[in-house]
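So that you can map any letter, position 59 of the sequence shown is 102 in our numbering, and since no number is skipped, the others follow by simple counting.
Hints are supplied without guarantee of correctness; some may be wrong.
What the hints assert, rightly or not - In silico EDC-like pairs for lysine to aspartate or glutamate, Cα to Cα no more than 16 Å straight-line: (1) K91 - E202; (2) K246 - D49; (3) K193 - E127; (4) K91 - E239; (5) K91 - E58; (6) K115 - D77; (7) K75 - E202; (8) K91 - E235; (9) K91 - D77; (10) K91 - E127; (11) K91 - D60; (12) K193 - D240; (13) K152 - E202; (14) K193 - E235; (15) K193 - D111; (16) K193 - D124.
Hints are computed from structural coordinates only; laboratory data are not their basis.
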Amino acid sequence: MTVLPDYWLQRPLMEIDPQTRSEFDRLLAEIKADGKTTPIEYIFPIPKWQFLCYLADQWGVVLHGTGDAGIKVFEPRPSSDLTEFGAQTAVYAAGDGLWAMFFAILDRKHYRMTTSNACIRLVDEAGQMSEPRYVFSISQPALIQQPWRKGMVYLLPGENFVNQPDLRFGPYEVRIPQLASLVPVRPFAKLEVTPEDFPFLKKIRGIDESRLPEYGQAMQSGAPWPE
């Protein structure tokens, strides 16, 4: 299923053997039972992004990436997104590990920047779903400065979250793993990540802030990336 331009990055192959899956499942059960925002001591040889993607894909764990390592409860906050779903007073989170990790490693506290990013999956008329595809971009002046940091990905229960409504792209249904909760959410675990943990670090694009509508239109229509 190749219908998108090449600036849409495909998730790398996940290679998680049955034993590691069992260990991931056991760890998830333990940290949920603990009832606290448990810092995860990551001891697995599998990259952290695969662990996070597995939990989101298989268990519906909701993820939030940030530079703040001390959050106890996420409170709903106003958002100024252009979409109706994204402009609510809500707790926003991702249903994809790589998307959450992007926000965790992005140092927006010390560098001024705008981002244009997306994560989608396409579903064809037969119900076949593609692997996740991503676009990661930030303001070109910020990109030159390499504005990366250590960050934290919080693991949140999914019960009070609702998914962003699906969109249409020709014959395809577009699923966007962005979720929102209108009530406060208490994380049950957190995982520290570094820029080196993010496999697309060298694929983050630089953008001209004055052309943001062009980038958005290209992503929505499947047009080439504005150069």
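Hints versus structure:
At most 16 Å may separate the alpha-carbon atoms for a hinted pair to count; K91 and E202 exceed this at roughly 24 Å. With a CA separation close to 12 Å, the supplied pair K246 and D49 stays within the 16 Å bound. As the CA atoms of K193 and E127 are separated by approximately 31 Å, the hinted pair breaks the 16 Å bound. Using a Cα cut-off of 16 Å, the hinted pair K91 and E239 holds, with the two alpha carbons roughly 10 Å apart.
About 12 Å separates the Cα atoms of K91 and E58, which keeps this hinted pair within 16 Å; it holds. A C-alpha spacing of about 14 Å is found between K115 and D77, which places the hinted pair at or below 16 Å, so the restraint holds. For the hint pairing K75 with E202, the CA-to-CA distance comes to about 13 Å; that is within 16 Å, so the pair holds. Taking the CA atoms of K91 and E235, the gap is near 9 Å; set against the 16 Å cutoff, the hint holds.
With a C-alpha separation of about 21 Å, the suggested pair K91 and D77 falls outside the 16 Å cut-off, and the hint is violated. Distance restraint check for K91 and E127: the Cα-Cα separation of roughly 32 Å exceeds the 16 Å cut-off, and the hinted pair is therefore not satisfied. Of the supplied pair hints, the one linking K91 and D60 holds, its CA atoms being roughly 15 Å apart against a limit of 16 Å. At roughly 10 Å between alpha-carbon atoms, K193 and D240 fall within 16 Å of each other, so this suggested pair holds.
Distance check on the hinted pair: K152 and E202 sit about 30 Å apart at the alpha-carbon level, beyond 16 Å; violated. The hinted pair formed by K193 and E235 meets the criterion: a straight-line CA distance of about 7 Å does not exceed 16 Å. For the given pair, K193 sits about 10 Å from D111 by alpha-carbon distance, which is consistent with the 16 Å threshold. The hinted pair formed by K193 and D124 fails the criterion: a straight-line CA distance of about 26 Å is larger than 16 Å.
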